Every structure is written in C-alpha cells, then in structure tokens.
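*Asks:* Add chain B to chain A, keeping to what the hints say.
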Amino acid sequence: MATTATLVKPKRGGRWSPWLFAIPALAVYVGFLVYPALSSLWFSLTNWDGLSATYKFVGLDNYFKLPQDPVVVEAVRNNLIWTVVTIAVPTVIGLLLAIALNGKVHGKPILRLIFYTPAVLPLVSIASIWGWLYNPQYGAINSFLRMIGLDGLAQAWLGQDSTALWAVMVPAIWLRTGFPMLLYLAALQGIPNELYEAATVDGATKWQQFWHVTMPSLRPAHYIVLALSLIDSFKVFDMIYAMTYGGPGTSTQVMGTWMYFNVFQYYQAGYGTAIAVVITLVAIAVGIPYVRSQTREAS
Amino acid sequence: MSTSYTRRGFLGLTSAAALGAGLSACTGGGASSGGGATQAASNNLRLFTYEGDETIGLLKAQVKKFDEQNGTTTTVDSLPGSGAAVYPDKLRTELLGGKGPDVWRIWGGQIGAPFAKAKQALDLSPYYSKYGWDAKINTQAIGGMTFEGMKAGVPFVSLGIGAWYNKSLFAKAGVSAPPKTYAELEAINDKLVAVGVTPAGLGGKYGWDIMRLFEYLLEHTAGPELHDKLLTGAESWDRPEVVEAFSLFKKWQDKKWLPQGALGLDPADIEPAYVQGKTAYTITGPWTEAAAILSAKKSSSAFGNFELPTDKTPARHSGFVEGYMINAKSGNADKAAALIDFIVQPATQKALQVTASTVKGAEPDPKTLPLAAEWAQKYGSNPFYTIQDQAFPKKQADQYFSVQSDLLQGKVAPDAAAKKMQEIVSAWAKS
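As you go down the protein sequences, you meet chains A and B in turn. If you use this note's numbering, the first sequence corresponds to residues 1 to 299, in order. If you use this note's numbering, the second sequence corresponds to residues 1 to 431, in order.
The hints are simulated quantities; they were obtained by calculation from the structure and are not laboratory data. None of the values given here were measured: they were computed from a predicted structure.
Computed cross-link-like contacts, DSSO-like style, restricted to lysine-lysine with a CA-CA straight-line distance of at most 30 Å:
hint: 1; chain 1: B; residue 1: Lys90; chain 2: B; residue 2: Lys394
hint: 2; chain 1: B; residue 1: Lys378; chain 2: B; residue 2: Lys312
hint: 3; chain 1: B; residue 1: Lys394; chain 2: A; residue 2: Lys235
hint: 4; chain 1: B; residue 1: Lys411; chain 2: A; residue 2: Lys65
hint: 5; chain 1: B; residue 1: Lys411; chain 2: B; residue 2: Lys251
hint: 6; chain 1: A; residue 1: Lys65; chain 2: A; residue 2: Lys235
hint: 7; chain 1: A; residue 1: Lys65; chain 2: B; residue 2: Lys420
hint: 8; chain 1: B; residue 1: Lys117; chain 2: A; residue 2: Lys56
hint: 9; chain 1: B; residue 1: Lys420; chain 2: B; residue 2: Lys255
hint: 10; chain 1: B; residue 1: Lys64; chain 2: B; residue 2: Lys130
hint: 11; chain 1: B; residue 1: Lys394; chain 2: B; residue 2: Lys99
hint: 12; chain 1: A; residue 1: Lys56; chain 2: B; residue 2: Lys395
hint: 13; chain 1: B; residue 1: Lys394; chain 2: A; residue 2: Lys65
hint: 14; chain 1: B; residue 1: Lys278; chain 2: B; residue 2: Lys172
hint: 15; chain 1: B; residue 1: Lys119; chain 2: A; residue 2: Lys56
hint: 16; chain 1: B; residue 1: Lys350; chain 2: B; residue 2: Lys378
hint: 17; chain 1: B; residue 1: Lys329; chain 2: A; residue 2: Lys56
hint: 18; chain 1: B; residue 1: Lys350; chain 2: B; residue 2: Lys367
hint: 19; chain 1: B; residue 1: Lys172; chain 2: B; residue 2: Lys378
hint: 20; chain 1: B; residue 1: Lys395; chain 2: B; residue 2: Lys117
hint: 21; chain 1: A; residue 1: Lys235; chain 2: B; residue 2: Lys90
hint: 22; chain 1: A; residue 1: Lys235; chain 2: B; residue 2: Lys395
hint: 23; chain 1: B; residue 1: Lys419; chain 2: A; residue 2: Lys65
hint: 24; chain 1: A; residue 1: Lys56; chain 2: B; residue 2: Lys99
hint: 25; chain 1: B; residue 1: Lys60; chain 2: B; residue 2: Lys119
hint: 26; chain 1: B; residue 1: Lys90; chain 2: B; residue 2: Lys119
hint: 27; chain 1: B; residue 1: Lys430; chain 2: A; residue 2: Lys65
hint: 28; chain 1: B; residue 1: Lys329; chain 2: B; residue 2: Lys60
hint: 29; chain 1: A; residue 1: Lys65; chain 2: B; residue 2: Lys119
hint: 30; chain 1: B; residue 1: Lys394; chain 2: A; residue 2: Lys56
hint: 31; chain 1: A; residue 1: Lys56; chain 2: B; residue 2: Lys90
Bound-form chain A, shown alone (with noise of 0.2 Å):
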C-alpha cells in the first residue's frame, strides 16, 4: 500500500493533476454528450416540433402526458415483455452453450464461430432474413410446417397482433445468444480445475457441481452479462423498426420506437425528447449496479 501510495501521489499540482490528465477525455464527453444530453432534457420541456426556429417553454407538460398516452402504456408493456425475454432466454441459452463448448467438444472453434455468427450480422440483413421466414404464403417457417402436416399452426407471424412482438423477439434471441456465451465460456475457463477435483472427491454429483462451484465462480460474469443485456433490452429500437415498424398498429411499439416516431415523423421533438430522457433515467437506474460493481473493483 505505502509503495503504491508513493508511486502514485504527485509531486506538482497536488490532488488537481489527475483531472488535468483527463481533460481532453473529459472535453471530449462534455463536447459530445453532456451538453447535448443537457439540452435535450431543455428540449423535453419545450413544445419545439424540431423544424422550427421557435418554440415555447411549456413546463412538464409533455412528461404529465405520458402516462395518458395509450401508445406510452402499450409501449412499456412491450418493453417490459421484451426485456424479460431477451434477457432470460439468451441468458440461459448462452450458458447452456458455455457449458457444452467447454466441455470435450469435436469441432469447438467452428461452433463458437457458428453460434456468435449471428451477433455480428447487420441487424437489416437479419430483418430482412427473418422476414421473408415469416413470409406467410411464401416463408419457410409455415413452408415447413405445412409440410409436417401442421397446418394449423402457420400464421401471419409479424401481420398480427398476437404474435408479431414474439415473432420478433426470436431474431433477437438467436442474435444475442452468442454474447453471453463468449462471456461465459471465458468465465468458465477461468474456474481452477483444483475445485472440480476436491468437489469429486467430496462425493458431489456434477449437477451439486454445477450449483456449488460453477455458477458461484460465474458471479462476476453474471454481472456483466446481466447489467448489459438490461441495458440493451430497453434501448431496443433497430429490430422493431425494421421487422414491422411498430405495428401492426401500434401493437409492436417500444418506448425506443415511439420516441423516434414522435420527434422525427410527428414533428413533436420535445414530447419525443421526454420519452427519450425517461428511456435514459431507467438505463441509468437499471446501470447503477453495474457501474458500482465496476467501480468497487477497481478500488
């Protein structure tokens, strides 16, 4: 500690150099991001309809608003549904592959490749891709199906209310699987055999293996992967928009998708923008356990 401390401390400038070090850093997010964060938290309490050169200070009016806006309430709704599921699913999936992959495995570097594929694939193509899967006359998912004999169960998986969120969560999962896996799988090699092998001593079966000693070793990983996927579940915006552009209807709307439409397609900037900075205050509240897991392990 004394080294460390001696190492450390500076000579000139006292406790002020280290914030001169991170200046430019510091100009740069203040540049880039603060101040546009700051005004546009000023724009959510204006009327501006993001074209004009005027606008009018209406107080909180957008924000009292939101909750009586049916589109907010069923966009939450999704919202909510979304992040439960692609944050479980994935989740569980992810680690079920770790689990297989780091076992004796034939052929692991190409199912890794195969399985984090999708994760790097443009999110359009993957729209695109899926949407002519959900083709229903021409699609291969009601293809297939009606050629096994289940008719019954071909839908019009994005032209309905019912299905379409869900048929729309599935490119997700398949494209968010192959992070949580990465994560793990590298968590997973750094469990020390040593615990494996005084468990098999003890006499616990790999089921009490797997409970007892990996996923209490996978914590930190558990962490990441969790705090990350939240944060990105609630931002969604790229899958919907593109595979059925909030609709049909609104049934399909996210608070991402609801936000864009009403500050570039309505012309109300300032009531998008308040749905914009609520969307940031629950990252912001979901990321705090992150950011203090984060910042604990580095003091």
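*Replies:* For chain B alone, coordinates are given in the frame of chain A:
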C-alpha cells in the same frame, strides 16, 4: 486514500457519461433549433432527392448539362427506395444541422407541409412570376405544393394510383377485360381466387400501401364530394358510407382477395408480386413500369393498367404530387430556382423519362414507357383525390392505419372503426 477516491470518481463519472450518451443519442444531439444562418452565396449547389437506380443517372446527366450552361457545380445526393417514411427525416436532420441541400425533392400535401410551415422552405412566389411556372405547370398540381397560400414547391410530377395487372393471370381466370364497375371487380377477384391466384398484392407494413385499397373503397361508397369533405374534417366519418367502406375493406380480406397476412407484408416485397406472377394485380402508380416491370426484364406488353371503377361521377383516382423546394437559408436561391426551371422544361422532363409530368408538353414517351403513356392518355386528365397519407399529417395517418389494422384483425367492427376515425380526424381538425 486520495488515489482510491480519484479512480472511483473517474470511473463513476465515465460510466455515468456513457449512460448519458443514451440520451444524447436518442435525441440526435439536436441542440440546434434553427439550422443556422443563411449560407454564403457560391456556384456550388446541392440537390437532394430519392431517385431510384433506374433514373438517378438521367437526373445527374441533366444536372450536369445545367452546370455546363450556368457555370455551377451541383452535387446530387439520393436516398433511393426509402419512401415517405424515412426520406423526410433525413432531410429534416440535414436542415437542422445547417448543411441542408439548396434544392430538395419532396412529396406534396401533409408530407411537404411541415417544411413550409417551419419556414425551412423558401416562398417561391417571386420565382413563379419570374419563370412563368403558373402557365407552364398543371394548376391542380401547384395547389398540392401550396401551403396556407405560400407556394413552397414546384411540382413536376403528378401521379395517379390505379390497378396494374398481369395479363396472363387475368387470362388464366378467364378475365378478358378490366372491370368497368365495382361489381365486376369483385367478380374478377372471385374468379382469380377460384383458380388459386391472390388478386390484390398489397402489404400493411407502414400502412400506406394497403391504405390505397381503403381510400378507393371510400371513394366508391362516399363519392367525390363527401370523400373530399371527409379528408378535411368538414363531414363526420361516423356515417353509413364510411361504415360500408370499412365493411368492404374487411370483406376483401375475408374473401382472400388480399394476400394471407397482408398486414405484416412489406410493400417492397408484395407490390412487385404481380410482375412475378404471384398476385394478379397491385394498386400503384406509373413508376411501377420502370421500377418493377422493366427492371425485372419483362415486357410491358404482358401487363396492363386500369382506373379502379368507383361507379361515381366524375370518375376519380387517388393521386399525389411531387416537386422541388428551395432551402430558405440557401445563399444560392436564384441559381437553385434556375436549376428547377431547367428541370421543368419539357425537354428535360422527357430526358428524365418522367412518367407523369405536370409540365405541359412533357407527356411520357410511348416507345420507352408504353404503359405509363397509356395511363396518362386514358386517365391522366381525370381528376384525383388526395392520397390519404398526404391528406393527413403523419401522426393522424398512423392512427388511421391503426384503425385499418384493428379492423382487419377483427378487433373492431366497421361501425366502431368509423367512430374511431371521426375521433382522430375531428381532433386533428380542431388543432
């Protein structure tokens, strides 16, 4: 201690800043509210458009010709295939960034209106006088780009929406001629379904494509005068004619005259299906000849078009205008107006192969675009009603599309749909 505090502080600060990035990204960092001051005058112009691959080369060639004659250098940027759902957003962002184009192409009606209302588009009245555009361009089309008395755009194309069909599929169903009445159209649909062909290839993603069917049905049930009043909110939508139109709309789906799961289909995929032989026809405009038929290397002679029969007088079809606006902050407004005047010359319009020009003397060439020429000759002079996604602002149009969607899914009945439409339109009319 001080080292620990500093590291934690910085880490926390950067993490918080990273989260704050979400907010700035969500709003595009839009701190500017006016798009900056008037740009400096120069010989450099920029034109922003949404020409497709099949016509952008023609436009660039004509613009180059203009540059050679006027000593200007014009950059042409295009965002092809995006449609009215995306292109205006890009334009708006450019204008707010202070680097907006000098000239841009835009649709008329409620899509172009916000740019005039926000005074981003220049009042072109002085240039109308200078170049005599009032005498050269179709008066009804000019009306489509005039907002609250301000001539904010110069329309160069006036497009009519009709049915474009595959002759071989009509023949397969034993149909020898296009329908003359609505009853005949329904009979044709039944014949097509009987031979396993989906009649109308329309898609509900975005809402505007399948809307073309409903607006036609409304013209059929309400007639021209009432239809026009409905679009402006001058008459209530909660009435029998509208209920009947919604009932027919549902009927088209229930009788499988629309593709299965039409609501989820992308117009870009389903519209050209009539060229591919998967549907018998679609409801679209003359651009389909170049964009769908000729680009698929098919002969125009295998296809035909007809005005959807309304059984009303005068016979009308859906239509809209597109034209050019000038940036109110452009330092080159005079040169931009000269460029527009060059573009709306009959010779330039012909060179651009504009399929439905508003310019007198620039009718489409039957040799290159026979079907578009046929449409112009047969129906081009017929009056048209404003296409509904231009009649309403985007927000109200989307609400209207939601009503269509709910109706087709059976979530609301036709009479409830009519009531809901009245709520939407009256709220807009009052605002």
